[in-house]
Structure formats: structure tokens, C-alpha cells
Amino acid sequence: MEKIRLGYFADGPWAHRAFEKLVGDTSVEFGFIIPRFNTSDQVLKGLASEYDIPYYTNTKINSPDFLSTIGGHGCDLFVSMSFDQIFKKNVIDFPPLGTINCHAGKLPFYRGRNILNWVLINDEKEFGITVHHIDEGIDTGDIILQRTFPITDDDDYQSLLNRSYVECASILFDAIKLIQSGKYELISQKSIHPVGFYCGQRAAGDEIINWDQSSRDIFNFIRALTTPGPKAHTYFDGEIIKINKAKMVDKAPEYKSINGQVVGKTEKGILVKTSNSIIEILEIEFTGKLRIGDRLGT
0 MEKIRLGYFA DGPWAHRAFE KLVGDTSVEF GFIIPRFNTS DQVLKGLASE YDIPYYTNTK
60 INSPDFLSTI GGHGCDLFVS MSFDQIFKKN VIDFPPLGTI NCHAGKLPFY RGRNILNWVL
120 INDEKEFGIT VHHIDEGIDT GDIILQRTFP ITDDDDYQSL LNRSYVECAS ILFDAIKLIQ
180 SGKYELISQK SIHPVGFYCG QRAAGDEIIN WDQSSRDIFN FIRALTTPGP KAHTYFDGEI
240 IKINKAKMVD KAPEYKSING QVVGKTEKGI LVKTSNSIIE ILEIEFTGKL RIGDRLGT
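Take the sequence shown: its position 215, counted from the start at 1, is 214 in numbering that gives the first Met the number 0, and no numbers get skipped.
Note that these hints are calculated values from the structure, not bench results.
Be careful, since some hints might not be right.
As the list claims (entries may be wrong) - Each pair of labels, with its calculated beta carbon distance range:
1) Val262 with Leu177: 36 to 46 Å
2) Lys59 with Glu266: 51 to 61 Å
3) Phe36 with Lys288: 40 to 50 Å
4) Gly181 with Pro149: 41 to 51 Å
5) Asn37 with Arg294: 15 to 25 Å
6) Ser213 with Asn37: 33 to 43 Å
7) Asp51 with Pro193: 40 to 50 Å
8) Phe36 with Asp152: 30 to 40 Å
9) Gln84 with Asn161: 20 to 30 Å
10) Arg112 with Gly73: 27 to 37 Å
11) Pro95 with Ala202: 36 to 46 Å
12) Gly263 with Gln84: 45 to 55 Å
13) Met247 with Lys59: 40 to 50 Å
Yeah, the Cβ is synthetic: ideal placement off N, Cα and C, and Gly gets one too.
All chains should be built: construct the whole structure from the sequences, respecting the hints.
What follows is the structure, given as C-alpha cells:
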């Protein structure tokens, strides 16, 4: 198999694991590494130094000077792994084999940002990882390889993140080997679904719990924002309460009462009324003390 030379646009733990798999293959070479524009990733910088790979920082990849800077590196393929700049057509089409991206979402669904949070919020039973060609849309290019992984009630943002670090590296490696062999078929996203959907980036304020939702919706919301996320927030007497874990209450009755009210205590937490039932709240960060009858969210 002929060697393949990569231009690696990458950042963070996703990028570290994928690099380690790729650099161990003698038929794969790195022409350069470019991290996120304002990166804090010192690990990737250290790997570039260890393997004597050119490393460019603060690079605006669509600027007029960019292609002349990296044009002499002879890359066959550009690879994006947790990169944060949008590629324009002149960069996408520059290497002979094009430009690919590894996306922790089951395309054509879950395009966009913060996908592992959104799949939990939406109560999905599986999440996907997709390697696709980059086009001028956002996560809309033809699919090279896609895999799915189950989600159970024991999962949260941290567990999906940990799994994704490993599986993204594996699927990206396998996709690059397929491209290297030339023996693969592209899948148009429109052949899976004519529309798909896009998820927007979550921002400050999006972590606040709506107690008018069902117990299941609140359970999913809290586990979607666990460490290393911002944690779900609520308020009492104007003070923030951060919640890192919740639990569905087995055989909890459905009834109407005051949503967000503390209605009981357990060995490890408190019971709070939701729109349809109750939920057990655990791992609370709060300097005060909550009592039965207190109303959260105020």
C-alpha cells in the first residue's frame, strides 16, 4: 500500500488518540499539524515536536497566505479532528484526496455542535460517529464511514465523551485506511434522509433546569450537562444550585402539584416535583440547606 501524507487540523483528546493510532502506521505520514486558533492544547504541540512534524499556530486557514505556507508539504489528504475553523472550497479541494472530518454525530442527523449533549437531551438510545468528506456546508458532505454505539440510562456526558475519544480515533484511522486503499463507496447524506437536522452550539444560560418538564426530560437534561460540562443549574433564594446527577424514581406516581418544589429527602439527595411526577436529585453543589416545601427555580 502506498504511503499517504496528511495535513492534520486538530485539537484536544480526540486528536491525541487519533494521532497515536495514525503515527504508529508506517504507511501514514504527517505533513503538518494545525491546532485550533486559540489552542491551549500543549499535548499536541509536544507530539509534533517529538515526531518532528511542522506545527503552525494562530493560522487563519482561509487566508491568502495559508496555501502557500503549507503547499510544499505534499499532503494527499487534509484531516479535521475537533477543529474549529470552517474550510472554504480552495482549501477543501487543495489536496488530491480532498478534506475529511470526524464528527461525533450520526449524520445526516445531529449536524453542528455539542452533539453528545443533544443526544442525551433528546433521549436517544444510540449515538453515532461519522467520517465524511467536507463540502461547503456544515457537516453535509458524503459519508465515508459511520458507526453507532448504544446509550443506556447509566450513561451521561462524561461516559459518552470517554467512549467518543476512543471510537473517534478508531473510525478515523479506519476511514483513512479505506481512502488509502481506494476501496470504498461514498454515501450521500440525502440518500439516508432528505433533510436531516442541525443542532446549535449551547451557550451560557442553556444549563438552567425547566421544572415544568417531565421527570424523564429533566433526568436527560441533567445527565447531558455533567462534568466536564457546566452542570445543570437551578436557583433557590437567588443562589445558584449546581446538579451533577439525578435518578429516576422507580414506580413514582404521576400527579399534579407545584413543579420544582422539594417534596422529600432520601439517603443521598432530595425529591423534587416535576410536571408529571418526581425525580431524585443527587450530587448537589449548594452552600445553603434545602427543606421540604422549598421551591427551586426562584
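| Between Asn37 and Arg294, does the beta-carbon spacing fit 15 to 25 Å? | violated (41 Å)
| In this structure, is the beta-carbon distance linking Pro95 and Ala202 contained in 36 to 46 Å? | holds (39 Å)
| query | Between Phe36 and Lys288, does the beta-carbon spacing fit 40 to 50 Å? | reply | holds (45 Å)
| task | Please test the hint of 20 to 30 Å on the beta carbon pair from Gln84 and Asn161. | result | Holds, at about 26 Å.
| query | Regarding Met247 and Lys59, is the given constraint of 40 to 50 Å on their beta-carbon distance met? | reply | holds (47 Å)
| field | CB-CB spacing for Gln84 and Gly263 relative to the 45 to 55 Å hint | value | Holds - the Cβ-Cβ distance for Gly263 and Gln84, about 50 Å, lies within 45 to 55 Å.
| Between Asp51 and Pro193, does the beta-carbon spacing fit 40 to 50 Å? | holds (47 Å)
| message | Just to be sure I understand the hint, the distance between the Cβ atoms of Val262 and Leu177 should be within 36 to 46 Å; is that true here? | response | For Leu177 against Val262, whose Cβ atoms are near 55 Å apart, the range 36 to 46 Å is violated.
| message | A range of 51 to 61 Å was offered for this pair. Does it hold for the Cβ distance of Lys59 and Glu266? | response | Holds - the Cβ-Cβ distance for Lys59 and Glu266, about 55 Å, lies within 51 to 61 Å.
| query | Between Arg112 and Gly73, is the Cβ distance one that fits in 27 to 37 Å? | reply | holds (33 Å)
| request: Starting from the hint 33 to 43 Å, judge whether the C-beta atoms of Ser213 and Asn37 obey it. | output: Given a distance of about 39 Å, which is inside 33 to 43 Å, the answer is holds.
| message | Quick check: does the Cβ-Cβ distance between Gly181 and Pro149 fall within 41 to 51 Å? | response | violated (32 Å)
Checked against the numbered hints above, the structure breaks hints 1, 4 and 5 and satisfies the rest.
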